[in-house]
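Protein chains in written order, with the working numbering: chain A, 1 to 280; chain B, 1 to 348.
To be clear, the hints were calculated from the coordinates, so they are not data collected in a lab.
By construction, the Cβ of each residue, glycine as well, lies at the ideal position given by its N, Cα and C atoms.
One thing to keep in mind: the hints can contain errors.
With the C-beta cut set under 10 Å, the calculated list includes, among others, these residues of chain B facing chain A [what the hints assert, rightly or not]:
#1 72
#2 76
#3 161
#4 172
#5 173
#6 292
#7 324
Cross-link-like lysine to aspartate or glutamate pairs, in silico, EDC-like; alpha carbons within 20 Å at most [what the hints assert, rightly or not]:
#8 A:24 <-> B:330
#9 A:23 <-> B:177
#10 B:131 <-> B:179
#11 A:202 <-> B:330
#12 A:24 <-> B:179
Distance windows between CB atoms, simulated [claimed, not checked]:
#13 A:275 <-> B:317: 35 to 45 Å
#14 A:82 <-> B:325: 51 to 61 Å
#15 B:147 <-> A:275: 53 to 63 Å
#16 A:277 <-> B:8: 34 to 44 Å
#17 A:82 <-> B:277: 30 to 40 Å
#18 B:277 <-> A:228: 28 to 38 Å
#19 A:228 <-> B:305: 25 to 35 Å
#20 A:23 <-> B:180: 40 to 50 Å
#21 A:101 <-> B:305: 41 to 51 Å
#22 B:317 <-> A:201: 33 to 43 Å
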Amino acid sequence: MNDRNVPTALIAEDEPLLASALKKALAVAWPELDIVAMVGDGPSAVTQALALAPDVLFLDIRMPGLSGLDAASEIADDWEAGPTAGKPFPALVFVTAYDQYAVQAFEARAVDYLLKPLQEPRLRQTVARLQQALASRAMAEPGNSAAASGANPSLEQALEHLRHLVSVAAPVARLSVLQASVGNVIRVVPVDEVLLLEAADKYVRVLTAQHEYLIRTPLRELLPQLDGTQFWQVHRAHVVRVQAIDTVTRDEAGKLWLQLRGRPERVAVSRLHAHLFKAM
Amino acid sequence: MKFDWIAKAQHLLQTLALCLAAAAIQYAFRPERPYEIALVYSLCIGTSIWMLIDFGRELFASAARTGWPTGHTAWLLPLGSVIGGYGLGTLAADWWFGWSSWSGVGLSTLPASLLITALAGAAASYYFYSKTQSGYLRTRVAEASFQASQARLKLLESQLEPHMLFNTLANLRVLIDADPARAQTMLDHLIAYLRATLNASRTGTHTLDTEFARLRDYLELMAIRMGPRLSFELTLPPELASAQVPTLLLQPLVENAIRHGLEPKVAGGHIAVRAQRAGSALLLEVDDTGIGIPVSGIADGGFGLTQVRERLHTMYGAAAQLALLRGRPDGVGVRIHLPDAASNATPR
């Protein structure tokens, strides 16, 4: 909130008609709200949110580039790294047409969400809650005490919610092997041999001690099929075998890096997952 | 080895009942002999045969699924068990009475008791055989109908993806206010799309003309939703308009192109569907400029593609072909060759 009295918001929605409809509905339900940016994909949502630091983010769950949840995680990840450092983290409202599991997760974490098609009474409810949240935030943080104390309570709370939300997925059977095609041959790779899974542009790199394979199934789909005690997600793009982690190092910027046994790669740990690593 | 002890006990009880009946019949024919003799021999022999068959069949691997061995074992097992059980049971009963049936006066009754044993053994074996068979068939039928309904559900889910439906309705709701004429057009497309997907019999055929009209309904809906991110082009030469194709054959391919190709791509892209004659064959092409599938992706074919392949196979056998072009710099292409376009495609 640059101007202390005008609340600001960003709308991330890939369907143009729905984006403008949400903007219009908000103009009625919350006339003071200033929509500072409207974007149609995940990566733009991240850059715009970090550049403009709005008070509220309306994020569609299914967007090209990055899902709404992943975009929120990225924003939280980089919030303290740029000009937004010390500022209160935006209130999150997820928008979805139909994502059973996500909606259950939102309910469970008391995270605000809107269902498409948008219903005006429900939007008014959400707006009332947001206004209340922004008001109590303004009371709790007179001036810039947050930056002084070093902790950012709204960011910590958002991270806490996001941790739970991104881990929720449809229950599925465990995978014991991955199938990667190499030329005309399908290589069957036992999950037990996998040390690191890395999301690249259109596929996932599967690294064992000796080999590297590419598969097309997105990390997001693979993750729930892996044993959570054996594999940890440490970054949006990285899932590591816990047993293969050798050392965890913190660099000058405060970022965590993993060194794996049997692989030369260094793996970055995102803020969202940094809580996994602490000395016992 | 794990036994179903309740089933075994039921079989034993049924065997005992049969033994009592056999003993009663024997007694009726020769009332001068004490009933006890017929009863003890019948029970001993019957129980022995039951034991040999009911536990013996567990030794054969071929009995694991149906409960009864297959091949020659199917009749050798009861035959051997009846002979062995007769010997064992007679020995046990002899021991009970303290005499021997194999010598002296007992020998004269052997043929009669052997006959009774053989008849009762055959009847009981047949009874238990048909019982296990019908039980096996019942579970098979239940399994098959479960699989069929799972497949139907999956098909329906893929056709009426709730996410697509609710997003379309959300767009419609906006249009009703902003542009009623366009809302009406969109609603008409939605109605045609729903009617086609819900009614389409998955075995029949319709004309290419109709097929392309249904594709247009779906693509018009998606074009309204995706705005400038989606453009499309349907090319159907007039001379092919009346060619017969399996109903909604191309629908899953176009949905795949949108869902996996264009929707995840920030810039969106283009879809082209074309029909043309290639020699005597009918060539159908679906191309998109989406994010594509890398050459070294997981084995090709999600549910949509598998389903199209299966339908082609059941309708045309090896005469129809489907090729997936991937690893191209831009997007995915599917080529379908159907036999005999000239004679209006005569599916088997």
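Hints, one by one, checked against the model:
no., hint, result
1, 72, "violated (39 Å)"
2, 76, "violated (41 Å)"
3, 161, "holds (8 Å)"
4, 172, "holds (8 Å)"
5, 173, "holds (4 Å)"
6, 292, "holds (7 Å)"
7, 324, "violated (12 Å)"
8, A:24 <-> B:330, "violated (37 Å)"
9, A:23 <-> B:177, "holds (14 Å)"
10, B:131 <-> B:179, "violated (68 Å)"
11, A:202 <-> B:330, "holds (12 Å)"
12, A:24 <-> B:179, "holds (15 Å)"
13, A:275 <-> B:317: 35 to 45 Å, "violated (58 Å)"
14, A:82 <-> B:325: 51 to 61 Å, "violated (43 Å)"
15, B:147 <-> A:275: 53 to 63 Å, "violated (44 Å)"
16, A:277 <-> B:8: 34 to 44 Å, "violated (57 Å)"
17, A:82 <-> B:277: 30 to 40 Å, "violated (59 Å)"
18, B:277 <-> A:228: 28 to 38 Å, "violated (55 Å)"
19, A:228 <-> B:305: 25 to 35 Å, "holds (31 Å)"
20, A:23 <-> B:180: 40 to 50 Å, "violated (20 Å)"
21, A:101 <-> B:305: 41 to 51 Å, "violated (25 Å)"
22, B:317 <-> A:201: 33 to 43 Å, "holds (40 Å)"
Comparing the model with each earlier hint shows violations of hints 1, 2, 7, 8, 10, 13, 14, 15, 16, 17, 18, 20 and 21; every other hint is respected.
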